[in-house]
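Engineer: Given these sequences and hints, build the entire structure.
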Amino acid sequence: MSAADDATKLVSRAETAGELSSAAAANIRRWLGEPPFARYRERLIRDLEAGRWRELDDAFYTILEFGTGGRRGKMYPVGTNVLNERTIGESARGLADYITARKGESAPRSCVIARDTRHNSPEFAALCAGVLAAAGFKVYLFPEPRSTPLLSFAVRHLHCDAGIMITASHNPPSDNGFKCYGASGGQVIPPDDQGIIACVMAASDREIPQKPLQEGLDDGSIVLAGSEVDSAYIAAVVGESVSEARDLSIVYTPMHGVGETSVAAALLAAGFSRVNILASQRTPSGDFPNVPGHVSNPEIPKTLDAAVAEAKATWAELVLASDPDADRIGVAVPITGDPSGEWTTLTGNQIGVLLAAFVMKESEARGLLRSDHYLVTTLVSTEMARALAQREGIRVEDDLLVGFKWIAERIDQAGPAGFLFGFEESHGYLKGTHVRDKDAAVAALLFAELAATVKDRKQTVLEYLDDLYIDVGHHDERLINKTLEGREGVAQIQTLMTAFRSRPPTTVAGLAVSEVFDYGAHEVRPVTAAGDVRPLPSPSGDLLIFQTAAPGTRFAVRPSGTEPKIKFYLFVRTEARSPAHLAEAKAETARRLDAMARDIEQFIATALGKAG
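So the mapping is simple: the working numbering equals the position in the sequence shown, first residue as 1, plus 675.
Warning: the hint list may mix true and false statements.
Stated by the list, open to error - Simulated pairs of lysine-lysine, BS3-like, Cα-Cα distance not exceeding 25 Å:
| no. | residue 1 | residue 2 |
| --- | --- | --- |
| 1 | K1130 | K1157 |
| 2 | K1036 | K1157 |
| 3 | K1285 | K1240 |
| 4 | K977 | K987 |
| 5 | K778 | K886 |
| 6 | K1261 | K977 |
| 7 | K1261 | K1133 |
| 8 | K1036 | K1133 |
| 9 | K977 | K1285 |
| 10 | K1240 | K1157 |
| 11 | K1157 | K1285 |
| 12 | K813 | K886 |
| 13 | K1242 | K1261 |
| 14 | K1285 | K1242 |
| 15 | K1130 | K1036 |
| 16 | K987 | K1133 |
| 17 | K1130 | K987 |
| 18 | K1157 | K977 |
| 19 | K977 | K1240 |
Unchecked claim - Distance windows between CB atoms, simulated:
| no. | residue 1 | residue 2 | range |
| --- | --- | --- | --- |
| 20 | I975 | R727 | 26 to 34 Å |
| 21 | E724 | T1019 | 49 to 57 Å |
| 22 | A1040 | K1261 | 23 to 31 Å |
| 23 | D980 | T1182 | 35 to 43 Å |
| 24 | K1133 | L899 | 48 to 56 Å |
These are calculated hints, taken from the structure and not from any lab test. Glycine is no exception: its CB is placed at the ideal position from the N, C-alpha and C atoms.
Structural biologist: Written as structure tokens, this is what we have:
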């Protein structure tokens, strides 16, 4: 009897004992018996013999699909629900087959590929290049780590049909991902995403041809992308400058990612000569060794602690950070403007409204703000953007689902010529049409200009923000993340979505929950207020937004498309009226957010049977 036969018996026993789900067992049997998976069989058998049932069940119980950012998840050498050579190869082949079916085998087809500093990223990028070249594509491959926005730029600059970015953004070191871009430079959207998924599924039953990298380089089907693309990208970023103020000392951390090639390069090219790159987090590393928890996510305040300590020690006036693939930024500022004093980090919404207001005001001062200009943001970002846009007499497009690909799509739908600024609460920002994705380089440049400009006016960044609150009301937000991993976590997330959809809380923070906007069922339903069900035509996604009796106070619920999380977004607005009333307004906003958070946490615990 063969080793595969013995392994199949182990699978059956584990399935009977409940150690493997039936779906995982079925997928494992395919990998044990079918030719396309022969090269992975030895490792799979070792895991089966070692009884790694939890790891194998998580790796095989389903097929990893595309979410808001593409395909992203844990790496494991074998499995259908993880990132490995096989699932990366299927992804690349599925993309190739989809484009080929659309354009025809005789048509020229091209793709550009970049990758970050994560483990296996070089190997995955080279694998994708070989798969695309074997499928008849001209491939442009960046041989060294580069940023995600550079990849988006390169798709447009090189006039490619597609782009692939190997990254898992700010996820833990265990993860990696396959971000897929269309010819516009934006991440793929319907119907292309579903078409690619169908082609990936079809490829999962076949051998995946691959041209060796050196052979592709020799015959010209694979070309190494180089400095010309970098230079053109940096020039485009610097071209989005809105202020000439440059008197500022900055501490910047790439958090062991690729940001030195984009963020730091753009700041220096734009004339910010005092940029101190944090030495302890400068070296590219997939382990992110000197970042708390080894998670390089600038949304988490403590990840900026080392940079803030360096700023205080060196009398710097601004801290900027980017995540591993340099598409998001984090910001910290001295509270009173004194670098030796206390510092605070800014939320994604605060950074967004500061940049939006600054871009609008500086554009207006230069006579460049037009009535056809518009801002773009998402349904779970602060409503303060709308108030600021109205103040300046321009429109805002804020009916989008989470994911910067929807912002990119709206730019092309509404007209790139009128696009002024876009952002989402998860620290993603864009000015300009050089890319169709969030860009930490252009965001860092703009924030540095903002900080230098208000410094010249003898004002602090927080004072500038307070002025905005006085004008349009104090807006504040809070995010509750619940990480629920594995097959059990998927079920818990579904339980919570069902609970909030079918029997939602009727009050939060002492306020009646009046109605829910259900973007999955496409309807607006009353919760406590009288009224009929109203249609909600678009957009379409698994998102619930609950309105309360108090204007500006609402909360939203959605499962993450890229991580094993369910997210709860809380929003409160309090009228500020005047500088004298601002402190009181901030206190009231905080009190209401605290009460909302307590009530929602209790509802979550009850829905999951953990109340007590």
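Engineer: Next, verify each hint and record whether it holds.
Structural biologist: Each hint, compared with the structure:
1. K1130 - K1157: Given that 25 Å is the threshold and the Cα spacing comes to 39 Å, the pair is violated.
2. K1036 - K1157: Not OK: K1036 and K1157 at ~38 Å, beyond 25 Å, violated.
3. K1285 - K1240: Status holds; Cα separation ~18 Å.
4. K977 - K987: With a Cα-Cα distance of about 15 Å, the restraint between K977 and K987 holds, given a limit of 25 Å.
5. K778 - K886: holds (22 Å)
6. K1261 - K977: Roughly 23 Å between the alpha carbons, so the hint for K1261 and K977 holds.
7. K1261 - K1133: holds (24 Å)
8. K1036 - K1133: holds (17 Å)
9. K977 - K1285: violated (29 Å)
10. K1240 - K1157: holds (5 Å)
11. K1157 - K1285: The given pair, whose Cα atoms are some 14 Å apart, holds under the 25 Å limit.
12. K813 - K886: holds (12 Å)
13. K1242 - K1261: holds (24 Å)
14. K1285 - K1242: It holds: about 18 Å lies between the C-alpha atoms, which stays within 25 Å.
15. K1130 - K1036: Judged against 25 Å, a Cα distance of about 16 Å means the pair holds.
16. K987 - K1133: Holds - the C-alpha atoms of K1133 and K987 are around 20 Å apart, at most 25 Å.
17. K1130 - K987: holds (17 Å)
18. K1157 - K977: holds (19 Å)
19. K977 - K1240: holds (20 Å)
20. I975 - R727: 26 to 34 Å: Taking Cβ atoms as reference, I975 and R727 lie about 31 Å apart, which means the hint holds.
21. E724 - T1019: 49 to 57 Å: holds (53 Å)
22. A1040 - K1261: 23 to 31 Å: 29 Å Cβ-Cβ, so the 23 to 31 Å window holds.
23. D980 - T1182: 35 to 43 Å: With Cβ atoms ~38 Å apart, the hint holds.
24. K1133 - L899: 48 to 56 Å: holds (50 Å)
Checked against the numbered hints given earlier, this structure breaks hints 1, 2, 9; the rest are met.
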